[in-house]
Amino acid sequence: MSGATPKIRLRGLRKAFGAKQVLDGVDLDVPSGTSMVVIGGSGSGKSVLIKCILGLIEPDEGTIEIDGRDVMRLPRTERTALRAEIGMLFQNGALFDSLPVWENVAFGLMARRNVARGAARTHAEGVLAQVGLAASVGGLWPAELSGGMQKRVGLARAIAAQPAILFFDEPTTGLDPIMGAVIDGLIVDCVKRLGSTAVAITHDMASARRIGDAAAMLHGGRIVWSGPAARLMDSGNPLVDQFTHGRREGPIQMALRG
Amino acid sequence: MNALLDGLAALGRGAFAACRFAGALTLFALAGVSHLLRPPFHLRAFLRAFVEFAYFSLPVVALTAVFTGMVLALQSSTGLSRFSAESAMPNLVVLSITRELGPVLAGLMVAGRVGAAMAAEIGTMRVTDQIDALTTLSTNPMKYLVAPRLLAGLLALPLLVLVADILGVLGGFIIATVSLGFNRAIYLENTFNYMTTQDVVSGLTKAAVFGFVIALLGCYHGYRSRGGAQGVGAATTSAVVGASILILAFDYVLTELFFAR
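Quick mapping for you: the protein sequence lines, in order, are chains A and B.
Here our numbering is used: the first residue of the first sequence is 770, the next is one more, and so on.
Here our numbering is used: the first residue of the second sequence is 12, the next is one more, and so on.
It should be emphasised that the hints constitute simulated quantities derived from the structure, not laboratory data.
Be a bit skeptical, because a hint or two may be false.
[Stated by the list, open to error] Selected chain B positions facing chain A (Cβ under 7 Å, derived; list incomplete):
{"id": "1", "residue": "Asp140"}
{"id": "2", "residue": "Gln141"}
{"id": "3", "residue": "Asp143"}
{"id": "4", "residue": "Ala144"}
{"id": "5", "residue": "Thr147"}
{"id": "6", "residue": "Leu148"}
{"id": "7", "residue": "Ser149"}
{"id": "8", "residue": "Thr150"}
[To be verified] Simulated coverage check for chain A against chain B, where a stretch passes if three residues somewhere in it have a Cβ under 8 Å from a Cβ of chain B:
{"id": "9", "segment": "822-830"}
{"id": "10", "segment": "872-883"}
Positions of the beta carbon are idealized from the N, C-alpha and C atoms, including for glycine.
Construct all of the structure, not just a fragment, from the sequences and the given hints.
Structure, rendered in structure tokens:
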């Protein structure tokens, strides 16, 4: 790492639910402009990690810094202002059922910047075009969309306000391989166009290699490896190698047996 | 001895759970009300909740009120005739409808219709991450989801009860004049002579409290629902049962406040 302040810096992050210690001292740096992919098995705490950074879950211990500022010590108003710089694509889209697609996409703009509805709709249609959807889709309801279209709308909502940081929670889960590749391509395009810093969590190795510049593996509540995403398949770390190659035998299974 | 201790322990656990629930509900209500008093205000969310509460509940409340008024007239006619006091029937009908049956029955019907819908909608939003999505879009869920519904409940149920009062009295009037042979003019005269402003205002005040309670329980249980479809179902049941019980409890308390001498 260079001496520059990372966009996101996590130190000693711990979070337990009852007796289960989900995060047990996570340290992670995400440099500005980097696409970081966090991999890990089901239940390894990837979603909890991302929700802690977003402020949706309060960690028990540790610090979360964005641009060198400890977000948990920020006043509420500054935290809200910081959120305006963040976009999030949820695993299942999390589109608002009661609002049409265009209002979903423009929701953040209208809430944060008081953009008028007419201008917001025009903007939303422009963002929908960026993710390959026609303006007419804006008038549909989320329930009328396929899974792939819902992901695209979710992505459009995440990028609508041109955030400095983007989070992606399992962006290809539930999609066929072709649609998964399409969504990954859109994510890479959007991140490059906006110049954003991105953090994606996934256990889809193809997706991880397509999206990420850098990668880290979460296991046992800690980051056990980090490095270039291109090294994911030959990291030299037995935990990562077993996970990325999907081997039944290896230290992860041993740990489970223990 | 052990059985006695187990029983006491169970009683203690129940009492603690009830206190926790009351405390959590009170804090939730205070948070919701505090967001009603601070900008930004989500007018569209309020109007949507108000229309759902008031307009779409109108048919079920109207039917309930008309039939209740009709049954009340029939039953009171039978009872009062035993004391040759049939002439008191208009008074009995209007007092019963405006003070008690209008607000209570409308409240219970709306609790079943709107309270359940609120809990199911907000509960589904919770388990599908839509509430988290609101937060990431710089929108406070309490301000956007809860506060507008509390205000809608507070304002909509009195309007519904006003309609229920009119239709309930009309139901009694129809039965009294068509089936029981009352003179129309005398029935109406007796109705309006005996009805006081306090009868109507007390009923509308009860309705405002009941409307707030219905919205509060619907939002509270929906907001705290967990665990997918089963959790949403449980939240819906809790919202309706809780609101119904609180409506009856508050009905007693408010009646004591208004009418105890």
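Verification of the supplied hints:
Residue-level restraint check for B:Asp140 holds (minimum Cβ-Cβ distance to chain A is 4 Å; threshold 7 Å). Taking 7 Å as the C-beta cut-off, the interface hint given for B:Gln141 holds, the closest approach to chain A being about 5 Å. Given the 7 Å rule on beta carbons, the hint for B:Asp143 holds: about 5 Å separates it from the nearest Cβ of chain A. Annotation: B:Ala144 was flagged as interfacial toward chain A, and the flag holds, the nearest CB pair being 4 Å apart, inside 7 Å.
A distance limit of 7 Å between C-beta atoms decides the matter here; for B:Thr147 the minimum to chain A is near 4 Å, and the interface restraint holds. A cut of 7 Å between beta carbons decides the hint on B:Leu148: the least distance to chain A is about 4 Å, and the hint holds. Proximity of B:Ser149 to chain A holds as hinted, the smallest CB-CB distance being about 5 Å (cut-off 7 Å). A cut of 7 Å between beta carbons decides the hint on B:Thr150: the least distance to chain A is about 5 Å, and the hint holds.
With 3 residues carrying a beta carbon less than 8 Å from a beta carbon of chain B, the segment 822-830 of chain A meets the three-residue requirement, and the given coverage holds. Check result for the segment 872-883 of chain A against chain B: holds, 4 residues qualifying (beta carbon to beta carbon below 8 Å, three or more required).
This entry satisfies every hint, going by the numbered hints stated previously.
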